[in-house]
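Enquirer: Sequence:
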Amino acid sequence: MVDATACENQTTLNWSHSGPSLVVEGDNLGVLRSLPDETFRLIYIDPPFNTGKTQVRHSLKTMRSATGNRLGYKGERYETVKGATLAYDDTFDDYWAFLKPRLMEAWRLLTDDGTLYLHLDYREVHYAKVYLDSIFGSHCFLNEIIWAYDYGAKARTKWPTKHDNILVYVKNSENYIFNTQNVEGEPYKTPGLRLSPSATDVLPSDVWWHTIVATMGKEKTGYPTQKPEGILRRIIQASSEPGDWVLDFFAGSGTTGAVAHALGRKFVMIDQNPESLVTIKARLSPHLRSSANIEEDVRIYAASPSKRGLV
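Here my numbering is used: the first residue of the sequence shown is 252, the next is one more, and so on.
Calculated directly from the structure, the hints in this document are not laboratory data. None of these values were measured; they are calculated from a predicted model. We treat Cβ as the ideally placed atom computed from N, Cα and C, and that holds for glycine. Among the clues, some could well be false.
Here are the simulated distance ranges between beta carbons [to be verified]:
hint: 1; residue 1: 352; residue 2: 432; range: 23 to 29 angstroms
hint: 2; residue 1: 457; residue 2: 374; range: 19 to 25 angstroms
hint: 3; residue 1: 267; residue 2: 406; range: 30 to 36 angstroms
hint: 4; residue 1: 525; residue 2: 351; range: 23 to 29 angstroms
All chains should be modelled from the sequences, with the hints used to inform the complete structure.
Expert: This is the structure in structure tokens:
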């Protein structure tokens, strides 16, 4: 299984390739430095975007109510109740002093045939491309994926921003996993964006049209910056195999782990926000209830000095 101890600057994990998946609450850099070289075939990270804002999300719950202002199936009335408020400060005095050592660890932890997906937006992605070229080599740059969505603030003084950027790097440009046969295809469209009469599924391009997590959708956790399962499903299907280890060290709401588990992969997720741990536990529990012993599938560990040990 997993035995863990914490010290001031580093968390030491007696991690085993044959052991359970792991969720760690603590400083990700210390945890990363404790993991062995070439452990993960896939790393996906969605670090803070350095927006300079406080990111806030509310959890919402819809319930039947005789006085509700929403009508549903067969005329039933419903009301929406606002739950807990989750927030974090997305501002860094020196963003790249924070991110660079973590990207170096990501390179070290990738297997020789491994792939990194770095999810950012227009504010920092160009700096990231230059820095990752210096770590991996420009020849190991595979793609820049544009995730386009129909949500975002209206702008009057510039073009509205309605996309994120995902940089894809492989550790070895001559040997990496890319399972086109496992990726859910998209209908083929003729010029003018009309479906062809003989539409067949084709491999998605590097522009992914996918909605954000719907406010009232079943995926919604209320956690700030939650990413949709569809984006992670495509990434995990393409760049890993069942039984592989997947790493996300900015775990947030736990989308990576939830999708990885559903697809038969093992995972390590790390986040220093206690609210992340609460959200992940709640999100994973329904998927693990069929297990005779939940700890055979996932261990959850608090690595912060004030509360060390399994939780």
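Enquirer: All the hints need checking, so say for each whether the structure fits it.
Expert: Each hint, compared with the structure:
1. 352 to 432: 23 to 29 angstroms: Taking Cβ atoms as reference, residue 352 and residue 432 lie about 37 angstroms apart, which means the hint is violated.
2. 457 to 374: 19 to 25 angstroms: The hinted range 19 to 25 angstroms holds for residue 457 and residue 374, with Cβ atoms some 20 angstroms apart.
3. 267 to 406: 30 to 36 angstroms: 50 angstroms, violated
4. 525 to 351: 23 to 29 angstroms: For residue 351 against residue 525, whose Cβ atoms are near 26 angstroms apart, the range 23 to 29 angstroms holds.
The structure is inconsistent with the numbered hints 1 and 3, although it conforms to all the rest.
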